[in-house]
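Trainee: Using the sequences and the accompanying hints, generate a full structural model.
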Amino acid sequence: MIGKGLMDGLVVTAKNFVGSYFDGNRKERLFTYQYPEERMPLPENSRTFPFLVYDGTPDQMRCTACKVCETECPPQCICIVMDRDANGKPLRRPTVFDIDTSVCMQCGICVEVCPFNAIKMDCDFERSQYARFDDLITHLPTLLKSNEYYHQIKSAEATRVDATRKPAKKPAAAPTPVKPVPTSTDMRTEDERQAWQRGYQGEVGAGEIVWPPVVLKKQSARTPLEQSVSSAPAANDVPWHDSGIELEKRMEMAKERPLADKLMAAMAQVDCQACGYDCRGYANALASGESKDYSRCAPGEEPTKNMLEKLMKEAGKI
Amino acid sequence: MIPTVEQVRAMTSLLVEREELLAVAKFLKTDPQLQFDFCSCVTAVDYLKQDCIEVVYHLYSVALKHGPIALKVRAPRALDQCRVPSLTPVWRGCEFQEREAFDLYGVKFDGHPDLRRILMWDEFVDHPMRKDYVPPSAMEAKK
Amino acid sequence: MDAIYKLIQHYAPKIPDLLALALAVLLPIAIVMGVFLTVFALLTWVERKALGRIQNRRGPNRVGPVGLFQPVADGLKLLTKEDIVPAAADKVVHFLAPVLTVVPAFMVLAVVPVAKGFVPVDLNIGVLFALAVSTGSVLALFMAGWASRNKFSLLGAMRSVAQVVSYEVPMVMAAVVILMAAGTLSSVGIVEAQRGLAGWFVFKPWGLVAFVIFQLCAMAEVARTPFDLPEAESEIVAGYHTEYSGFKFALFQMGEYVAAITMGGITVTMFLGGYLGPGSDLPKIGWLVSAGWFFAKLGIIVVINIWARGTWPRVRVDQLLGFAWKLLLPLALVNIVAMAIWHFASNKLVGWGASAVVLAVAIVALVKINTGQTFEKRSYRFIS
Amino acid sequence: MTIVFLTLSAITVLGALLAVTLRNLVHCLLALVLFFMGIAGHFFLLKADFLGAVQILIYIGAVAVLILFAIMLTRNISGTEGGRGSLGGAWWLGVGIATTLAGAMCVFVRRSDLVSKLPYGATEEGVVKEIGKLLVTDWVVPLEIMAVLLTAALIGAVVIALEEEKKR
Amino acid sequence: MSTIETQMLEVSLGPQHPSTHGVFRMDVVLDGEYVVKLKPVMGYLHRNHEQIGEKMTWLGSMPYTDRLDYFCSMTNNWAYALSVEKMAGIKVPERAEYIRVIMAELTRLLNHACAVGFLLSDCGAWFTPVLYALRERERILDFFETVSGARMMCNYMRFGGVRVDLDEQSLAMARAIVARWPAFLDEFEKLMTENEVLLARTQRVGILPRELAINASVSGPVARASGVAYDIRKVDKYGVYDRFDFRVPVGETGDTFDRFMIRILEMRESVKILHQALRDIPSGPCIAPESKLRGFKVPAGDGYGRIESPKGELGFYLVSEGGAKPYRYHVRPPSFVNLTILEDMCLGHKVADAIIILGSIDIVLGEVDR
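Residue numbers (the numbering used here), protein chains in the order written: chain Y, 1 to 318; chain F, 1001 to 1143; chain L, 2001 to 2384; chain S, 3001 to 3168; chain D, 4001 to 4370.
These are computed hints drawn from the structure, not numbers from a lab. It cannot be assumed that every hint is accurate.
[As the list claims (entries may be wrong)] Below, a list of computed lysine to any residue pairs in the SDA-like style, where the Cα atoms sit at most 25 Å apart:
(1) L:K2326 / D:K4350
(2) F:K1029 / D:K4350
(3) L:K2368 / D:T4253
Mentor: Spelled out as structure tokens, the structure:
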């Protein structure tokens, strides 16, 4: 009969209408939350903006300013400045740790790559501000949150992290008070800030590859890149410069190399500038005797320190 | 020149000269054993060092359900010589993707029914995806 | 109106004649405007609440106890909104258009019998006056569309004019059947003709068909789903009232909703026995019960409108016009023939049966002609 | 009662005047509608409800819309440029003819006794019924002729529309 | 008799238009009600996603793929991960493959439900079907949030598996969702499928012949509605799709109603796949043990990976120079290519039909403009 489809439609809407009043589990039907009064329970894994974890007092923050998260962050919205004590010796802690929450896309990659479990994802999303630029940059004090808070919002994950972490690290040598937060004006010139925001800072990682000129006519179907890579050996071959390879394999790769290469192989290959140089620079400094302190490779921790000590002893540097 | 076929990790790619591209394409489409009637993806790649822009066509066969073959053709990077015969007459699906390649890379497709910019606004002068493209904001900073 | 005039003469003879006349005229107007404007406000609230509940969400519940002040809030918002008049627009006509949409909607209320003895003006050509005045809205629609000098609103105006004009014809034809049955044009007369047990015209076969046609035409006249073509967002932005904002837009909305209520009122008067109901003839409080009956039936009609709006998709322009001319009009004409058979049949039962058969045959034939080719059953093959 | 009559006729005359003198064509049409409204008001005043309702239905509902479509299709859609000017060159000739005609009309109406002979004046109920009976008994032939004429017009319209449809 | 000369009307629908699914414009030339010419104009949402891909490390692009087709972030991630794994030759453990199939099929459910809902609200059904679809979508998004952390921007898949494993509680949640879905589908079909007004508006509107569909490389439900029996899950057999028995519906006439019905039938098939996947999901690692996060490098060369995303064939063409960043990163979006035939389908129809035909193609502008 002509109207059947139309009538069925009416029956469905009627059922929904009546159901919304008398249905047993009304929550089932009316799926809208009355926001300010009635809040949606957030699951544990949910992530909004990152925050820095500290054990006990804000000074014992886990972050060692190794800048791994700054390099890995896709939209490059993290800016870290290493803390230096009076005579310029780098302390393993940040003075400035800014996250531009207007740029951060809450992807959680900084949490994954952080070797120290220092940065975790928060759950609170009510962070609207009035000013457009300055207020949206969250500075170090606001980022720091206690481990208890972390346990409170993500208990399962927090306990898992605590289990894997080594005993609590003793606070850095002389706990200098956290410097006053630099206002954004002295931060950088506008153009530098834009450059930083667009990630044009110095490229880290892939070395410069030199291609020989290739005649266009007779070519194999392989992409010009493949062909060039396999043929031209790179000048300063550092096959071990890859944080994924274990320490023993790296040392074995650099066995018959000079001391500087062996020292570099011992580093954590993270180029994190915790020691004040990148891996290559720190190795050269140790080899040339410029500095004696072999314990500054933060990500390397114990194994790197012992290996550096053994190499330095063998070479008679200490 | 006979197109060289190279089995590179399970994707056969076919480098063809610009002059023979149309003939090869028609052959691939009409040959009973091949019947590549589905042109899935058309891209341009800018090899700055080798001074060439390569246009890649990925072809599939819906009739015989066999896998991709990449039809590649190269053209010099200079804007005026960067011309490649368009395959829209053979596969209608290339129309928008070739316009995008023109818009972002500056590769002119001869024989394309309606070659205009598709993503950028019409008054835009440069081709943004080229490796040597400098975005305007940086330019203003320089001036 | 005349009853009130006599009442005034009786109770307060010393009031000068002119003042009494003025009072007699103004009092019903005040009552009607008051009652129906609150019903309009209530209608907007009911509509949004009902649509919400149909769509599994709560309707407005922020303003007032259960969102009851929402219409007030809407009204205030529209009042305070800036009233933009496009530069190229024709000021006079641009201003007149919303006024002219509201005027016919309220004028029709003059002949709707709200309760026993309560009809603003008891014209003896009640229904004809109602239908005549409701054609006035055609002009208003066109003026709105033309005055705002905007391509979209003009297209929307032309569509809505075509729609309203082409749905008036079947509407009048459907009303003819009722006038034949009641024998008089006056709305009170029609209601009185529906006394008796199953007296309502809707229980007669031709009455039911006429009710369906009249209801569809009323929905089309007022542009409610499934015929809400003029302001179909998915097509030409917002139809004739694109260029209106602020209070003029509120007037348009009011005109549309009040027209929906008045059309509902006329449908109730003609088909559902106006204010008749079991308790409506009691001596003292009879008129109160009859008013209750009238507004209950009006509520049913309005709920049907809202219900359809929440469920059915919209009809395209040509299908809309085709539906009016190729299906509703012939059906209305056949309906008149069926009514004639019923009228002249010897006893009522045979008449009832005969007209029902004629109508059923007509409906099936017309439906077959119109929709024969479109709805084919589709089969899908599955490849594993 | 006379006040109402006076105001109503003033509106009617104003509407007529405006309809003739306005520059913009659509404005003239709206003034015409005002004029029709005035006439309907007069009918209602004279308690001839049926005539008033029919006046509204036919003139405002149909004739005005017809003229509207006429304007729409002939001129460009906006129809803005309108007529030459408010009062053309020979306006005084027009006024002269109008006054003489009006005078003659008044004289005939006053002298004729048509008004007194109205058989079915303002009877409450019967006006509509009377008209209905007369139409079907005495005047049935003109009614049928009118019906045939209207159907022919309807079919003519359909043919034109179909032709338009075929073209596309 | 001289016919009335009508003006050709230039109308541009969008980008500020309530039913163009985002910032998309159609320049339409109207002769009265009929569409004479229709030129789609896009690029309003162009963010040069591909250049960002070239500046980013391999992993860095993963969160950006969520922003391609912001309705189905899981399938975007999977397409990108699949292409990189194909080039780098990474093995994916069993459990991760099953989790990927579950996530992709859930995304297909919510995408088809919303697509059909929006198509119906284009036909004028005042948003009721969309809100029924959204009610079910909310449950799936809650499941995504419980697992991956974000409702729409999941950033969930990595090269070699998935980031977070499904524990018992989230598996139970997924089973509950899939259990409710057939009831929702019945209600949806009863609401709309036999509705005469809808039939009148969608049948024989926007017919796409089979040959044109193949030639214009149209993919996904739009092509299958025209009779092209081609589903990448069946042809490429990527992931573990060959282990599930499910069928692919194929239509005949290829008009708007067929596209509407094909999506509903595909939803029923996806429910079948989900039942089987949730039933026999193996235990084991959820990500390949040797997969690296930092300093991940892909051997030099180019590769093209594609999957059956809810809107069609979503492919990634990647060229690598062996470094940490891709040399060329190109996305083949289904919506962008499916738009080629929009004009062919709309010619001769009315304006109201053009809107519905656009709705039936189901495009998302994030993917079209990249």
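Trainee: CA of K2368 (chain L) to CA of T4253 (chain D), is that 25 Å or under?
Mentor: Answer holds: K2368 (chain L) to T4253 (chain D) is near 23 Å, not above 25 Å.
Trainee: Starting from K1029 (chain F), check that the Cα of K4350 (chain D) is at most 25 Å away, please.
Mentor: violated (35 Å)
Trainee: Please work out if K2326 (chain L) and K4350 (chain D) have their alpha carbons no farther apart than 25 Å.
Mentor: Answer holds: K2326 (chain L) to K4350 (chain D) is near 20 Å, not above 25 Å.
Hint check: a violation occurs at hint 2 only; the rest are consistent with the structure.
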